[in-house]
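Once you have looked at the hints, place chain B on chain A.
As given, the protein sequences belong to chains A and B, one line each in that order. Using our numbering, you'd call the opening residue of the first sequence number 11 and step up by one each time. Using our numbering, you'd call the opening residue of the second sequence number -8 and step up by one each time.
Don't read these hints as lab results, they were simulated from the structure. Keep in mind the model is a prediction, meaning the values are calculated, not measured.
One-sided and incomplete, this derived list gives chain B residues near chain A with beta-carbon spacing under 8 Å:
hint, residue
1, Met76
2, Glu135
3, Ser192
We put the CB at the ideal spot given by N, CA and C, even for glycine.
So the chains spell out like this:
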Amino acid sequence: MTVLINALRELAGLFVDDGALALMIIAVVVLTGVVATLLPEVPLVAGGILLLGCLTALLSSVARANRR
Amino acid sequence: MTGGLALVWPVITAAFLASLVEAVEALTIVLAVAIVRGWRPAGLGALAGLAVLALIVVALGPLLGHVPLRLLQFVIGILLLLFGMRWLRKAILRAAGVIPLHDEATAFATETAELREQARRNEARLDWIASLTTFKAVLLEGLEVVFIVIALGAGRGLLVAASGGAVAACLAVALVGLIVHRPLSRVPENSLKFVVGIMLSAFGVFWTGEGLGVAWPGSDLAIVGFAAIFLAVSAAAVALARRPKAEAVS
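Just chain A, with the same shape it has in the complex (with noise of 0.2 Å):
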């Protein structure tokens, strides 16, 4: 058991490294989809709102932790 849940935090691991950063990607992610679902003749607000959310969430992320 301890073997097949250290895998599958090994696997998680893959994907998540800064919990904040995945929450934020995942956030910006849902944003999107709520916009491109209103608004679907105007698609690229949707697309950067992806864009911009993405690089937002990146440099927020290095900023945290060039702080600590």
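Okay, now just chain B, sitting in the frame of chain A:
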């Protein structure tokens, strides 16, 4: 399936570079085990890891064809964003000197020291531990390679191109490792991770957007634009966070 031609080389390059990093990391551990305990347990563990990987690919590979393309692009896009931006964040922090650079020679020394300590404590079980160590290393690094290949190739029917890039990288590392018999510490792993993190993040934004119905300007070529934007922002982040080397903490 034929993919967008504009994406073939970016996909091959990204798969090659990302797999190169993973293969170098796996090789370091296999070499450490082989030097401390011999090639037999190291090789057996590595082969078992490759066999399990092959089973996973054979078992799950055909399922990809049954997933609707939009859903596949969306899920892969999110996973690529998580995976790629995790790499990019770490590469930025390393380039800025906030955390120490990854060093294969240090990783090799740590691994051999751990194995020697285990040998001192429990000689009888060591072959088993040695095989398990290489098995785990090959399986985990291999899973990352498989993920990268699927993530880069599946969204546009470029699985063969992505697999080609990954296989070429793994074969090259295995061949050089067999010849030199020491960790490939001269491979600029940190720079590679920086480049690959940028490429994977760019692909992640592209696939996630496509999965949500965003028609990107320039179609596939938008990925190049995203990569340029990620590069510029990452370079700025490195410059803003840069610290003297002595300050880097582990």
